[in-house]
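Novice: This is what each chain is made of:
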Amino acid sequence: MMRFFPLCLLAAATALTGCSKSKGPREITGVRELSADERKINIVESPAQRFRMPSEMAGGAGAAAAGGAGGGEAAAAGGGGALPFVWTTPEGWTQQPQAPMRDLSFAFGPNGEGECYLSRLPGAGGGLVANVNRWRGQMGLDPLTEAEIIALPKKPMFGLQGTFVDIAGTFSGMGGGPVRENYRMLGVIVSSDAGAVFVKLTGPAELVAANQTQFDAFCASLQPR
Amino acid sequence: MPLPHPPEKLPPPDLSESHFSNPRSLLISMKTVKRFRALAAAVLAMATAGPAGVQAKDVSVPFDTYPEWPAEVTDTFRQMLVQEGGRVKPVHTYARFMLMQFSGRSKVTFESKDGQSHNAEAVAWLLDTLFRPQLSADLPIFVVDDSEAVSRIGVEPKEKRDRYSYNDLLPGRSKLAELTAEYARKKQQYDDSEKNPQYELDRIEGMVLVLGQNVSNFEYLMSQFGFARKGEALTHESVLPAELKELAKRLDMTEMLDKMPEMTVNQLVQAVQAPAAPDDDQAMLKSAMQLFFFHASSGRGFSIFPPPAKETEEWMSIGDVMLTGLEKKDMRPWAIERMNEVKALVEAGTKDGATFSAALKKFADDHHAEADGRGRGEGDRSEMEVKLYQGNYFTNSLAWFVLAFVLLAVSWLAPGSAFSKYLTWGVVGCLVIGLFYNVYGITLRCLIRHRPPITNLYDTVIFITGTGVLLALILERMTRIGVGLFVGTVAGVIGMFLSIKYEAKEATDTMGQLVAVLDTNFWLATHVTIINIGYAAGILSAILGAVYLVGRISGLRKGDRDFYRVLNRMNYGVICFCLFFSLVGTVLGGIWANYSWGRFWGWDPKENGALMICLWTLVILHGRMGGYLREIGINVNAVLLGVIVTFSWWGVNNLGVGLHSYGFTDGVWKWLLISWAICGAVMFCGLPLWLRERADRQEKQNAAPSGRKKPKPGGSAAQPA
Amino acid sequence: MSQLTAEDFQPKNLPRLLVGLFSSYWLAMVVLIFMTLITLFGTLYQVDHGLFAAKQKYFHSWFLLHYLRDGMPLPPSLEWIGTIPLPMPGGFLLMLLLTINLSIGAIIKVRKRKKGIGMLIAHFGMIFLLVSGFVTFAFNREGYMALYEGQTGSRVESYRTWQLEILPLNEAGEADKALTIPYHDLETIREGERREFKAADLPFDIVISDYTKNAVPVPVSAPISAQATGREVGGFKLLVQKPSKEAEQNLPAVIATFRPKSGAGESVETILSARSANFDPRDGAMAFGFEIDGKRFAARMVKENWPVPFAVRLDKFIFERHPGVSMARNYESRITRIESGAERPLEIKMNEPMRYAGFTFFQESFGPANAAPGDAMYSQFAVHNNPADQWPLYSLLITTAGLMIHFGMRLFDHTSRPRRDAAAAPAGEAAAA
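Chains as they are written, first to last, in the working numbering: chain Y, 1 to 225; chain H, 1 to 721; chain B, 1 to 433.
Bear in mind the hints are in silico, worked out from the structure with no lab data behind them. Predicted model, so just to flag it, every value in this text is computed and none were measured. Check before you lean on any hint, since a few could be wrong.
[Claimed, not checked] The calculated SDA-like cross-link candidates involving lysine to any residue, where the alpha carbons are at most 25 Å apart (straight line), are:
| # | chain 1 | residue 1 | chain 2 | residue 2 |
| --- | --- | --- | --- | --- |
| 1 | B | K213 | Y | L128 |
| 2 | Y | K40 | B | G153 |
| 3 | H | K501 | H | E243 |
| 4 | B | K316 | H | D252 |
| 5 | Y | K40 | B | E332 |
| 6 | B | K177 | Y | R136 |
| 7 | H | K387 | H | A71 |
| 8 | H | K286 | H | A348 |
| 9 | B | K109 | H | Y628 |
| 10 | H | K670 | H | P241 |
| 11 | B | K316 | B | Q390 |
| 12 | Y | K40 | B | D201 |
| 13 | H | K286 | H | S357 |
| 14 | B | K177 | B | P281 |
| 15 | H | K186 | Y | L128 |
| 16 | H | K160 | H | N119 |
| 17 | H | K310 | H | E243 |
| 18 | H | K187 | Y | R136 |
| 19 | Y | K40 | B | N140 |
| 20 | Y | K40 | B | L397 |
| 21 | H | K328 | H | V265 |
| 22 | B | K198 | Y | P25 |
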């Protein structure tokens with residue numbers, strides 16, 4: 001309301017002084033005494049910790065297992081920005097640029113209509129059951145019970161036994177893209193307390209069948225760096 | 001619409017003049033009052049029978065006879081206590097709103113095969129559901145507004161809007177469960193995505209979702225005491241494998257609980273889910289545990305058991321009792337005793353009425369003794385609450401207002417005659433009686449809750465209606481031009497009708513608990529009450545304005561300038577009244593906000609709504625003082641004031657923002673827009689009137705061109721109002 | 001208040017004209033009508049843009065452009081109407097005009113006579129209410145204090161404004177004073193600008209740049225850093241986020257460079273982010289530590305904060321729900337107010353704030369949001385320092401008294417006069433006013 005007037009004046013004054021002083025540094029005038037219980041200053045050396053990095057940004061499953069939130073640095077320093085794991089790109093697959101939620105992404109097939117990507121989530125990533133059923137949902141299938149999911153076949157990945165999912169159906173993808181008929185999805189999930197890694201391959205059923213061995217090889221090739 | 005009897009059984013309306021020979025007799029003779037009640041009910045029935053006419057016809061059910069519950073059974077049962085929605089309430093209230101939620105009304109009407117019509121009240125229906133589930137499954141209680149919703153689950157539809165029994169829906173049960181889960185997920189996504197229209201449920205999907213939830217709630221009620229039925233009438237039995245069904249017939253849950261090791265619910269779930277052991281005994285134990293878990297989880301929801309520990313506030317259902325007994329060995333004797341009580345009761349339910357009546361009496365006595373023994377005062381006003389609902393005060397109030405309206409209409413047939421004078425007295429009498437019922441009901445609600453009259457949106461409807469009628473009667477007393485009576489009947493009928501519709505639509509306890517910020521009788525009594533009086537005045541003003549405008553444009557009392565002048569002065573008074581209460585109420589609201597949230601004014605929608613009412617009354621009053629608004633202008637703006645009042649009363653609650661939005665009501669916008677369209681049409685009447693008046697004035701000026709220019713209207717001599 | 005006539009519109013009559021205009025019913029009407037309109041539009045605007053944005057645009061403004069599409073669904077054929085900008089006066093202008101109009105028209109120029117006394121009082125009450133609104137707006141300082149049971153606090157933190165603190169450290173890693181750069185000096189930094197700050201007792205100058213209102217520092221190794229623009233500092237970049245609808249949820253960040261005055265030695269550079277502040281009252285804000293000229297310093301971004309002249313210790317926080325449902329029944333904090341050694345136990349609960357020494361403590365909320373039953377919880381108080389705290393109450397009492405006197409006199413006139421007369425006499429209406 002009427003504070004505007006003094007404020008205007010103030011703004012005008014600071015604008016004027018600001019103009020004249022715009023090149024020179026400003027004097028810090030605010031000083032406050034700290035009370036006894038404020039004197040201890042909590043200096044945090046790791047920027048990842050200081051900025052409260054969620055662990056998936058700080059290096060994901062492998063790094064998180066290595067040392068909590070500080071892992072981001074380790075990954076950044078150790079790999080020079082590279083991912084904290086190694087793999088072998090199968091024949092006929094082309095690596096794609098990184099995208100949100102996809103640490104590693106490939107395309108394959110005559111027009112690149114098949115895709116395979118790896119993503120990591122901190123913790124259990126929402127749980128094995130929820131994730132398998134989310135995938136089944138994307139393919140238009142009903143959810144499975146926990147027992148049924150536990151009973152799913154296994155495939156090796158990162159030296160662990162990953163849960164293997166093989167679903168054929170109508171793919172609707174994430175975020176409601178176009179619905180694609182006669183699709184197939186292959187996926188492996190490994191999860192530990194440190195984090196979960198997902199590898200997911202989708203494409204037209206025939207193309208997926210032709211790339212099944214490549215998929216298995218890719219999963220088996222994944223190792224922590 | 002709950003009615004005491006189906007309309008065709010009522011005595012024919014008696015309009016002979018003898019009833020009106022002495023107007024005072026209306027108020028004195030109880031006999032007359034009773035006759036009038038019947039008449040009022042008949043009128044009401046005619047007025048409110050919906051176009052679908054579902055309530056008018058008896059649905060036939062597949063069973064031969066329906067043995068009605070003896071009165072002492074229903075009366076004992078309705079007085080029992082149950083905890084729901086954070087408070088302990090009589091079973092009567094619980095049953096009433098539960099049935100309303102399923103069925104949209106508080107009774108079940110049907111015809112058994114022997115040709116008998118039955119009209120089971122909610123408590124009787126709940127008794128059926130708990131103790132005669134097979135019979136209850138045939139009662140037509142699930143209302144479906146569009147038959148498309150039942151077609152979608154593969155059930156053969158009846159009428160466009162109709163009621164279905166559980167057994168009617170059973171063929172589509174699994175499809176219903178599937179769709180309910182899907183739509184519930186979609187609704188969740190809709191809420192999570194901040195109302196992304198992609199996830200919005202359409203009308204039919206919404207109906208299916210509600211139906212699915214209702215059917216599931218009904219199943220919980222049916223299977224509530226399933227453990228005591230030894231494998232009979234297991235509602236969710238489809239989830240049980242065949243061998244468990246067999247086992248259910250043999251296994252006694254009470255005996256089993258006695259022998260079980262101490263374990264928590266989680267441990268029980270784990271044990272049930274663990275892979276079956278090869279050993280026969282182990283497998284048997286696992287099946288038994290599965291069955292125990294099945295019964296315990298089916299028996300949730302109906303919390304009628306006060307916990308033995310006085311300091312525990314949460315009451316238990318029989319399922320909770322079973323799990324508590326499982327978890328703690330020292331609670332086991334108590335739990336087993338409760339289970340045995342239920343078993344005895346269920347068994348008595350299969351025998352004759354007298355046996356069950358005695359068993360229920362004993363069960364209820366124990367129950368009350370236990371509740372009273374806690375000394376927490378839980379349910380100590382439940383008898384009053386039962387009385388409130390059995391008294392049907394608000395329905396009666398509506399009936400009297402409708403009768404008043406009818407009498408008023410009749411009185412217009414012969415204006416000025418002695419007959420119409422008597423009728424006018426009749427109208428006054430009906431209004432007073434209707435108002436009495438309204439006030440009595442509100443008073444009871446205050447006493448039951450130990451609260452001021454308004455704590456939620458439902459309360460505002462009955463309160464504003466009562467206030468409106470009272471104000472209209474006072475206006476009539478002051479002016480005696482008949483308009484007060486008309487406005488009072490209109491406000492009374494619309495208001496009470498709305499309150500009943502709203503209660504049925506919401507179908508949840510209207511005396512629920514309050515969130516922490518509202519838990520203050522001082523501010524509820526001052527700010528909330530005062531601002532609602534302001535709302536009532538604003539709406540009254542709008543109706544008066546509409547009477548003025550429609551009256552003049554339709555040539556009613558043509559040439560009687562006095563009539564319209566008095567009418568206008570009356571409205572001016574009401575607007576002043578509205579300003580006083582809205583302004584004081586709004587500022588009080590600000591002061592309350594300053595006490596609870598630390599700011600006097602936050603531009604929150606509800607606050608803004610109240611402010612707009614104040615501002616608009618000020619516009620009218622200053623416009624009048626400045627001479628910018630004359631009679632027509634004042635009345636047009638009074639109608640607009642009504643639009644603003646309904647916006648801040650109902651509209652802002654539906655904007656979905658703000659700290660104040662405690663009354664969520666979907667589909668209200670439709671009715672608001674309709675009412676605003678009507679208001680707009682009425683306001684439009686002002687235009688030809690104004691043009692005509694202006695032409696008249698110009699004519700007069702032309703006739704006397706030498707005269708002084710028109711005097712300043714209102715003039716600077718007048719003081720601001 | 002008076003009517004304007006054509007004669008008033010003469011240059012020599014300008015002062016009279018202005019007084020006439022400002023005291024007119026016409027102005028009162030226009031202001032009240034526009035007030036109603038912006039109140040309506042500002043309410044509808046909240047549906048999509050939130051309360052804070054609506055307040056800024058409609059009520060804390062002089063002029064604004066309203067679009068009918070805001071908060072009002074229009075049928076497709078009429079959508080073009082929603083895109084027409086409607087110029088409107090803002091809340092400041094309207095309230096200022098209303099105050100002037102009331103003061104001149106209803107207090108100064110009004111003819112003082114017995115009949116008008118009620119209205120005079122009521123209008124005075126309204127002016128007082130507007131003035132108290134102004135005083136609150138101009139001088140109220142609001143913030144919060146959050147305490148776990150057993151904690152004592154004597155500082156209030158701002159909801160939305162931040163500051164940078166530079167802390168000289170001793171050998172033990174402790175600081176006894178903080179040099180502060182206020183938020184105003186940060187949020188006015190434009191893109192590309194490098195703003196310099198100096199202080200006599202610091203061996204370095206500070207250069208602040210890359211201010212963002214809401215940003216997350218991300219490691220360049222993370223895939224998502226591809227979306228981050230701007231400079232990389234120590235392996236991190238700032239990922240700019242859309243400013244939140246709830247202004248208090250924005251977490252600003254800057255890049256700070258500490259440049260030795262001596263010119264010798266290397267500059268130290270870091271990102272300072274609001275994410276390092278204490279989100280939980282148990283934690284201290286996390287600081288960046290560095291060394292220049294052999295001395296240790298720390299720098300951090302914290303919320304602006306100010307002292308209260310007493311301390312408050314939370315003894316017990318009580319949170320109750322209605323049995324069996326999630327609805328809150330009561331939250332209340334048992335506290336001890338400590339002032340120069342003297343302790344006084346008190347309760348603060350919903351609708352019952354503590355008012356003391358010009359400060360008001362309200363029970364605002366509690367946390368942490370993910371606390372399981374049995375976990376330690378903190379209680380958060382809104383703390384206001386509003387000189388006009390109780391003025392609305394006084395204004396209400398004045399206005400109510402005025403209205404009651406006025407309407408009481410009117411009603412008495414009406415009822416004591418024969419009814420037919422009033423209805424028949426055309427003069428009745430004017431006299432009644």
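Novice: Now, for every hint given, state plainly whether the structure supports it.
Specialist: Results of checking the hints against the structure:
Distance restraint check for B:K213 and Y:L128: the Cα-Cα separation of roughly 38 Å exceeds the 25 Å cut-off, and the hinted pair is therefore not satisfied. A hinted pair counts as satisfied when its Cα atoms are at most 25 Å apart, and Y:K40 with B:G153 qualifies at roughly 16 Å. The straight-line distance between the Cα atoms of H:K501 and H:E243 is roughly 49 Å, outside the 25 Å bound, and the hint therefore fails. For the hint pairing B:K316 with H:D252, the CA-to-CA distance comes to about 48 Å; that exceeds 25 Å, so the pair is violated.
Distance hint between Y:K40 and B:E332 is unfulfilled; the C-alpha atoms sit about 31 Å from each other, more than 25 Å. Proximity of B:K177 to Y:R136 is assessed by CA-CA distance (about 59 Å); at most 25 Å being required, the pair is judged violated. The straight-line distance between the Cα atoms of H:K387 and H:A71 is roughly 15 Å, inside the 25 Å bound, and the hint therefore holds. For the hint linking H:K286 to H:A348, the alpha-carbon distance of about 31 Å lies beyond 25 Å, and the restraint is violated.
Annotation: proposed proximity of B:K109 to H:Y628 holds, straight-line Cα distance about 20 Å (limit 25 Å). For the hint linking H:K670 to H:P241, the alpha-carbon distance of about 49 Å lies beyond 25 Å, and the restraint is violated. A threshold of 25 Å between alpha carbons decides the hint, and for B:K316 with B:Q390 the separation of about 29 Å lies outside it, so the pair is violated. Between Y:K40 and B:D201 the CA atoms are separated by roughly 21 Å; this keeps the pair inside 25 Å, and the hint holds.
The hinted pair formed by H:K286 and H:S357 fails the criterion: a straight-line CA distance of about 38 Å is larger than 25 Å. A hinted pair counts as satisfied when its Cα atoms are at most 25 Å apart, and B:K177 with B:P281 qualifies at roughly 21 Å. Between H:K186 and Y:L128 the CA atoms are separated by roughly 22 Å; this keeps the pair inside 25 Å, and the hint holds. Restraint check for H:K160 and H:N119: satisfied, since their Cα atoms lie roughly 23 Å apart, inside the 25 Å limit.
Of the pairs offered as hints, the one joining H:K310 and H:E243 is violated, with about 42 Å between alpha carbons and a cut-off of 25 Å exceeded. The straight-line distance between the Cα atoms of H:K187 and Y:R136 is roughly 20 Å, inside the 25 Å bound, and the hint therefore holds. Restraint check for Y:K40 and B:N140: not satisfied, since their Cα atoms lie roughly 32 Å apart, outside the 25 Å limit. Taken as a hint, the Y:K40 and B:L397 pair is broken in the structure, with Cα atoms around 51 Å apart against an allowance of 25 Å.
For the hint linking H:K328 to H:V265, the alpha-carbon distance of about 11 Å falls within 25 Å, and the restraint holds. A threshold of 25 Å between alpha carbons decides the hint, and for B:K198 with Y:P25 the separation of about 6 Å falls inside it, so the pair holds.
The structure is inconsistent with the numbered hints 1, 3, 4, 5, 6, 8, 10, 11, 13, 17, 19, 20, although it conforms to all the rest.
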